[in-house]
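Going down the list, the sequences are from chains A and B. The first sequence maps to residues 1 to 114 in my numbering. The second sequence maps to residues 1001 to 1115 in my numbering.
It is possible that part of the hints are untrue.
[Unchecked claim] With the Cβ distance kept under 7 Å, some of the chain B side facing chain A (calculated, not the full set):
#: 1; residue: ILE1026
#: 2; residue: HIS1029
#: 3; residue: GLY1042
#: 4; residue: TYR1048
#: 5; residue: PHE1065
#: 6; residue: TYR1102
#: 7; residue: GLU1103
#: 8; residue: PHE1106
#: 9; residue: GLY1107
#: 10; residue: PRO1108
Hints listed in this document are in silico derivations from the structure and should not be mistaken for laboratory results. Built from N, CA and C at the ideal position, the CB exists for glycine as well.
Chain residues, written in single-letter form:
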Amino acid sequence: AQSVTQLDSQVPVFEEAPVELRCNYSSSVSVYLFWYVQYPNQGLQLLLKYLSGSTLVKGINGFEAEFNKSQTSFHLRKPSVHISDTAEYFCAVRGRNSGYALNFGKGTSLLVTP
Amino acid sequence: GAGVSQSPSNKVTEKGKDVELRCDPISGHTALYWYRQRLGQGLEFLIYFQGNSAPDKSGLPSDRFSAERTGESVSTLTIQRTQQEDSAVYLCASTQEAGNSYEQYFGPGTRLTVT
Chain A
1 AQSVTQLDSQ VPVFEEAPVE LRCNYSSSVS VYLFWYVQYP NQGLQLLLKY LSGSTLVKGI
61 NGFEAEFNKS QTSFHLRKPS VHISDTAEYF CAVRGRNSGY ALNFGKGTSL LVTP
Chain B
1001 GAGVSQSPSN KVTEKGKDVE LRCDPISGHT ALYWYRQRLG QGLEFLIYFQ GNSAPDKSGL
1061 PSDRFSAERT GESVSTLTIQ RTQQEDSAVY LCASTQEAGN SYEQYFGPGT RLTVT
């Protein structure tokens, strides 16, 4: 089975500052990794995913994440955040050959203020 | 095109009553998932449908929970004799083909409150 730990439940940051949202996973098999964003009163939307290949993955809205197998991490970064990035961010994992459901972390609430 | 839709968006029910939640997946998506999101928690997997195969019910928390799906269309999640701990947002997601499509498209969810 796979599991995800999001180390920060809340991250406050000022507009135009850089941000990193941390995600660590646990798995005995190779994995696929995902970041989803949930804006207030909206459904989850895929930000980016790592399936294979380059460990640096670029997603929508200027976000990127780096897969680090040795650290079992998949941290999400953005060099300069906007007010509109205020949302809940979820890291998720699934095994490559073990079922199709995603295992989600508890989420990180990103609050961007002027 | 239309995304995943869910109804109702909000449901308040009394403890002990049965509720039925509905999910309309994206047309052509063969796989459908139900998740539960409790306040301050991540999403918990409940059940998964893929085409005409037997559903994966391994995430259902108790026998009060059941779900059905007719072919590759609408799914309903039924909770019998609701309890206060069932209060959560219930999310539905669909994918085009479970084995090779890794992006799950989520609906807006149904917020269930059991009083």
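A quick look at each hint next to the structure:
1. Interface restraint check for ILE1026(B): the shortest CB-CB distance to chain A comes to about 12 Å, outside 7 Å, so the restraint is violated.
2. For HIS1029(B), the suggested interface contact is broken, since its CB lies about 13 Å from the closest CB of chain A, more than 7 Å.
3. For GLY1042(B), the suggested interface contact is upheld, since its CB lies about 4 Å from the closest CB of chain A, less than 7 Å.
4. Given the 7 Å rule on beta carbons, the hint for TYR1048(B) holds: about 6 Å separates it from the nearest Cβ of chain A.
5. Hint on PHE1065(B) is violated. Least Cβ distance to chain A is approximately 15 Å, over the 7 Å limit.
6. Below 7 Å, beta-carbon pairs count as interface contacts, and TYR1102(B) has one with chain A at about 6 Å; its hint therefore holds.
7. Here the hint on GLU1103(B) is kept, as its CB sits about 5 Å from the closest CB of chain A, short of 7 Å.
8. A distance limit of 7 Å between C-beta atoms decides the matter here; for PHE1106(B) the minimum to chain A is near 4 Å, and the interface restraint holds.
9. With a cut of 7 Å, the hint placing GLY1107(B) at the interface with chain A holds, because the nearest CB-to-CB distance is about 5 Å.
10. Taking 7 Å as the C-beta cut-off, the interface hint given for PRO1108(B) holds, the closest approach to chain A being about 4 Å.
Going through the hint list in order, the structure does not satisfy hints 1, 2 and 5.
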